[in-house]
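Please model the complete structure; the sequences and the hints are all you need to start from.
Protein chains: 2
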Amino acid sequence: MPKASLSEKFSLIHDQWRPKVVAQLNGQELKLVKIAGVFPWHHHDDEDELFLVWRGQMRIEFRDHTVELQPGEFCVVPRGVEHRTMAGTEAEVLVFEPAATRNTGNIVDEKFTAPNGVVI
Amino acid sequence: MPKASLSEKFSLIHDQWRPKVVAQLNGQELKLVKIAGVFPWHHHDDEDELFLVWRGQMRIEFRDHTVELQPGEFCVVPRGVEHRTMAGTEAEVLVFEPAATRNTGNIVDEKFTAPNGVVI
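Residue numbers (the numbering used here), protein chains in the order written: chain H, 4 to 123; chain C, 4 to 123.
FYI, nobody ran anything at the bench for these hints, they're computed from the structure.
Hints are supplied without guarantee of correctness; some may be wrong.
To be verified - According to the in silico footprint, chain H covers these stretches of chain C (three or more CB under 8 Å from chain H):
#	region
1	5 to 18
2	26 to 36
3	42 to 54
4	60 to 71
5	97 to 103
As the list claims (entries may be wrong) - Simulated crosslink set (DSSO-like; lysine-lysine; CA at most 30 Å straight-line):
#	chain 1	residue 1	chain 2	residue 2
6	C	K114	H	K114
7	C	K6	H	K114
8	C	K6	H	K6
To be verified - Chain H side only, calculated, beta carbon under 10 Å to chain C, not exhaustive:
#	residue
9	M4
10	S8
11	I16
12	F65
13	H86
14	M89
15	L97
16	F99
17	E100
For glycine and all other residues, C-beta sits at the position ideal for the given N, C-alpha and C.
Below is the structure:
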C-alpha cells in the first residue's frame, strides 16, 4: 500500500486536458489533470464527476449558470448535465469518476478527447 | 450544482472519528473526518478506501508496515486488508469510499462505530 503525493504526481504531468490516473478503487478512479483554456461542451450519460481544485482556479459552465472553484473547493456534475470546464491560467484539478470515463463524454474531439487509463 | 469548500465543511465538524458526507456520486461518497488518537483494527470485506490528508498528519498501520501521510498525500487501503488509522494531534482527512461503508468495517465498536450517511 504505497502512499503518493498530489504535488509530486502533478509535477509529472506536462500536458493539459489529459487526465492521469493516480488511484483506482471500487471501479472508480482518482485522476489528476492540468487545465488551461476552454474545454468543449459535453455531458456524460452514465457518470457523475467530482471536480476538486488543488492549485489555481477553474470554472464549470452549465447552460444556465457558472460555478467558480478556488483551491479546496469542489463540485459534483451529475450525469446527463451538459457542462464545460475552463481556466484562465493553468489549474491543477482532482477528478473522481468511474474508471474509463471518457473526458469528453458524449462527444469525440480531435484535440480534447484524451486516452483513458494513463496511470502515473 | 452548488460548490462547496473543504475548509468550510471541516469547520462544521466538531467531533472526531465521525465521517460526514459532503458529496455523493456513482454510489460512492466523499466524506470528511477529523481524527485524533488511535482507531481500532478492522478491515472492509467489500470496499476499498482512499484516504487523503487535508490538514495535519495521520498514520495508517497495517500488520506489516506503516504509512505516514502529510497534507496532500494519499493512500488506498484495498478491501480485505486489516488496518488502523491514527493521528497524534487532530488531522483533517478526506475519505472516498462506497456509500454506506461502515467506518469500523468488520467490527462494531461502542466508541468508534459511527452513524452512516450524515450529510453536511
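- Task: List in ascending order the numbers of the hints, as given earlier, that are violated by the structure.
- Result: Numbers 6, 11 and 14 - these are the hints that the structure violates, sorted from lowest upward.
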